[in-house]
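Read off the chains here:
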Amino acid sequence: MTNETLRNLLKNGAIWGFIVLELVFFELAGQFLSLSDSAFMNLDNMLLLLKQSAPIGIIAVGMTVIMVNGNIDLSVGAIFALAAIVMLDSMNWPFMQALGDWSIPLAWIFALLTGCLLGLVNGMIVWKTGVDAFIVTLGAMLGYRGLVFMYNGEQPTYHLNWTMVDIAEADILGLQTPALVFIAVVVIVWLVTTRTVHGRNAYAIGDNREAAVNAGIRVGPHFVINFVLIGFLAALSAVAFYSGSGSVNPNDGMLFELWAITAVVLGGTKLAGGKGSIIGTFGGVLAIQLLRKGLGHIGADTETVNLVIGSILIVVLLLDRQLNRKGAEELKV
Amino acid sequence: MTATTPALRLEGIVKTFPGVRALDDVSFDVQPGEVHALMGENGAGKSTLMKVLGGVYQPDAGRILVGEKPVVMASPLEAKANGIIFIHQELSLATELSVAENVFLGELPRKRFGRVDWDRLYTVTDEILKRLRVGFDARTRAGDLSIANQQMVEIARALTHEAKAVIFDEPTASLTDAEKVVLFDVIADLKAAGVGIIYISHRMEEIFKITDRITVLRDGQYRGTIATAETDEEAVTHLMIGRALDLSRNVSHHEIGDVALEVRGLSCGKLFQDVSFEVRRGEVVGFYGLVGAGRTEIAETLFGLRDPTSGTILLDGQEVRIHSPADAIARGISLVPEDRKGQGLVLGMNCRDNMTLPQVDDLKAGPFVAEGAEVAIFDQYRDRLDIRTPGWRQLAGNLSGGNQQKIVIGKWLSMHPSVLIVDEPTRGIDVGSKSEIHKLLRELAAQGYAVVVISSEMPEVLHVADRIVAMYQGRVVRTFTSEEVTEDNLIQAISGIGGQAAA
Chain U
1 MTNETLRNLL
11 KNGAIWGFIV
21 LELVFFELAG
31 QFLSLSDSAF
41 MNLDNMLLLL
51 KQSAPIGIIA
61 VGMTVIMVNG
71 NIDLSVGAIF
81 ALAAIVMLDS
91 MNWPFMQALG
101 DWSIPLAWIF
111 ALLTGCLLGL
121 VNGMIVWKTG
131 VDAFIVTLGA
141 MLGYRGLVFM
151 YNGEQPTYHL
161 NWTMVDIAEA
171 DILGLQTPAL
181 VFIAVVVIVW
191 LVTTRTVHGR
201 NAYAIGDNRE
211 AAVNAGIRVG
221 PHFVINFVLI
231 GFLAALSAVA
241 FYSGSGSVNP
251 NDGMLFELWA
261 ITAVVLGGTK
271 LAGGKGSIIG
281 TFGGVLAIQL
291 LRKGLGHIGA
301 DTETVNLVIG
311 SILIVVLLLD
321 RQLNRKGAEE
331 LKV
Chain D
1 MTATTPALRL
11 EGIVKTFPGV
21 RALDDVSFDV
31 QPGEVHALMG
41 ENGAGKSTLM
51 KVLGGVYQPD
61 AGRILVGEKP
71 VVMASPLEAK
81 ANGIIFIHQE
91 LSLATELSVA
101 ENVFLGELPR
111 KRFGRVDWDR
121 LYTVTDEILK
131 RLRVGFDART
141 RAGDLSIANQ
151 QMVEIARALT
161 HEAKAVIFDE
171 PTASLTDAEK
181 VVLFDVIADL
191 KAAGVGIIYI
201 SHRMEEIFKI
211 TDRITVLRDG
221 QYRGTIATAE
231 TDEEAVTHLM
241 IGRALDLSRN
251 VSHHEIGDVA
261 LEVRGLSCGK
271 LFQDVSFEVR
281 RGEVVGFYGL
291 VGAGRTEIAE
301 TLFGLRDPTS
311 GTILLDGQEV
321 RIHSPADAIA
331 RGISLVPEDR
341 KGQGLVLGMN
351 CRDNMTLPQV
361 DDLKAGPFVA
371 EGAEVAIFDQ
381 YRDRLDIRTP
391 GWRQLAGNLS
401 GGNQQKIVIG
411 KWLSMHPSVL
421 IVDEPTRGID
431 VGSKSEIHKL
441 LRELAAQGYA
451 VVVISSEMPE
461 VLHVADRIVA
471 MYQGRVVRTF
481 TSEEVTEDNL
491 IQAISGIGGQ
501 AAA
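As they're listed, the protein sequences go chains U and D. Take the first sequence: its letter number 42 is residue 42 in my numbering, and every next letter is one higher. Take the second sequence: its letter number 467 is residue 467 in my numbering, and every next letter is one higher.
Chain U with its partners taken away, still in its complex shape:
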């Protein structure tokens, strides 16, 4: 039984153990190998870390729900870019400029609606055609990115509004707006997944779709809700990020879908659906950002960062597989 308990602890707490390991390693490597002259684990650094994880993190939260439900969404990076463009460009429209600073909340609403709409399109196609979400959102990824380029060609879209920048850089207890939004999203979606009927049904559908249908659960509407949710979150991520920067390039948000999936998988969510948690994903997002920061801290360049993260992902999944093996009697396929 102790063996079993240990196994469960390893399985569910692995990501947090990994985060502690990272912290200790980079702290020690920085200090004793004299690779860096500043401490790694100071408060400012950690607060900054939360802010930097926010764009991918907010999307990863949505991706967790999508993957628990047994789907995947590859179009989030393109939705992120398109929502950002809608937000910044709309503020240049004459009637919006006439509104002064009141154009800010309106621009946010436009961006969020864009995200919801694009998610709705994905969800309806997956529901009504029955085509695999991987294929549908692969198409959507290309299509939505196409819209991004149609909007403004290769040119960046920008609009600088100092009030908006102030809001984006406001902080509570040292946490800036993007970090606060990230934390709020984690808490709310965690409640949705663990406490609501929709969350319960999403797990059931992802684990065993047939049994869920046999229990009278209508699968399609749940799919649609989750695609709208992730579209909304991708747009929210754009709102949180671009309100401060004020300028978006047509290539922004590329590969975000893969970073989000990486974080989700590191956090223990199964690709096949039915298992996963928002808290695990939160850990996965932090672990990746820590790794980026930490490797930078000890002087590694960006190419090395990707190589290391990729290797770690595979090692983690290998470990997970070993821990989840049923034993020698498992059917060989």
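Because the hints were derived from the structure by calculation, they are not lab data. Bear in mind that the values here come from a model prediction, so they are computed numbers and not experimental data. Do not take every clue at face value.
In silico DSS-like links for lysine-lysine, alpha-carbon gap of 25 Å or less [said to hold, decoys possible]:
hint, chain 1, residue 1, chain 2, residue 2
1, D, K191, D, K209
2, D, K341, U, K275
3, D, K51, D, K364
4, U, K275, D, K51
5, U, K270, D, K341
Chain U residues, not near chain D, derived (Cβ > 10 Å throughout) [claimed, not checked]:
hint, residue
6, V24
7, L50
8, V121
9, W127
10, D132
11, A168
12, G174
13, V197
14, N214
15, G216
We treat Cβ as the ideally placed atom computed from N, Cα and C, and that holds for glycine.
Assemble the complex: chain U is given as a structure, and chain D must be docked to it using the hints.
Below, chain D without anything else, positioned relative to chain U:
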């Protein structure tokens, strides 16, 4: 026949799974040039035995001999290498590849540098196909063939090896009469070539037509081998059924109420045609027939998983249209499906959540699920159904089959349905839990539920049902009352012998 060396011999094979002794000291042999029938009810251990022979499972005790040589088979590939060839009920062809590539799958003839020797592949395959007298050639795409012809490809596969023993698992389940004739010819050819053949089927007619000896399994135990020529259907049936379990005929002591469910002339394409029956409150109606007779499909149609092509369904005298399980549930129809793990339970979810899955929407406190109410429901039905689990947090996948089935039944009872359809209520459940489930089904009827039980186990329907609907190839052959029914007339009805007159 024992004078020659058997093609295949099994000695004292034992295989246990947690909670179940699936094979208990099974021994028999198959002579070269013999067609040997293996019979037994579903759950008697045939498929486990076949998996042991096929190298999928390792026996806990006993040994397998091919010719005089004891063999240990760690994988299906090794079974094949030892000359044991399977013709599976479920076809496993790569449908996008040609027939020839399928026949030699994994063993394509090669030329130098690993190139495929296509010429040889096609000529050799065409030679084999000629022996089988089939109407297609080696270059045909496997997916374009009929089911019967796909089965021929499987057989062709068997012929590429030097087969010592060929095992046919319900080969005629999806064949037409004409196709069966071809199959029997092929079996006769194999027999003439000195191959030992194990033939698994429920169809008495076929067994008596083509086999030489019959071995019967029951509850994982060997029940005897008899020469086909010296026995009859009744004797074989007797070996297959008749068990220690209490399966005495049920007698209803309670009032039978009004008609809860009535079905008139219901059809669904080729799956079943013109099915009519009624189920009253307080009554258990059993559906008995061979696999593929259309029983499960009727249940699926009543539950909204399939749309009927014609016919009407009436609930309490009112005509209803049911398009989805949600519709069915809202109207008080519940289905305990055939495949508990695949269709009935979310295995990665805990017992409580599984039990309340269809009704969580009604158990809300504000925006959230009222978990206290859920626990109350779980506790109530755990006690009522005597579900043995350490607590509601236990994952459904960790329970025994009997307790899993009770969770599924509890899930529906807590919704207070009027009609409860139970498909194969005790499949894969150990003998002790079986009688508990039987008792439970009887009690539910006594409490006024209209219960439909679909079963492939004759003792089960005889024991539990007030009336039995016998089905054969998608049609209702006859409806028996518990006074009329005998094992013989029931088996005849579902095998398509003589029973048509009574339709």
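Against the structure, the hints:
no. : hint              : result
1   : K191/D <-> K209/D : 14 Å, holds
2   : K341/D <-> K275/U : 17 Å, holds
3   : K51/D <-> K364/D  : 47 Å, violated
4   : K275/U <-> K51/D  : 31 Å, violated
5   : K270/U <-> K341/D : 19 Å, holds
6   : V24               : 34 Å, holds
7   : L50               : 27 Å, holds
8   : V121              : 24 Å, holds
9   : W127              : 14 Å, holds
10  : D132              : 18 Å, holds
11  : A168              : 30 Å, holds
12  : G174              : 31 Å, holds
13  : V197              : 5 Å, violated
14  : N214              : 5 Å, violated
15  : G216              : 4 Å, violated
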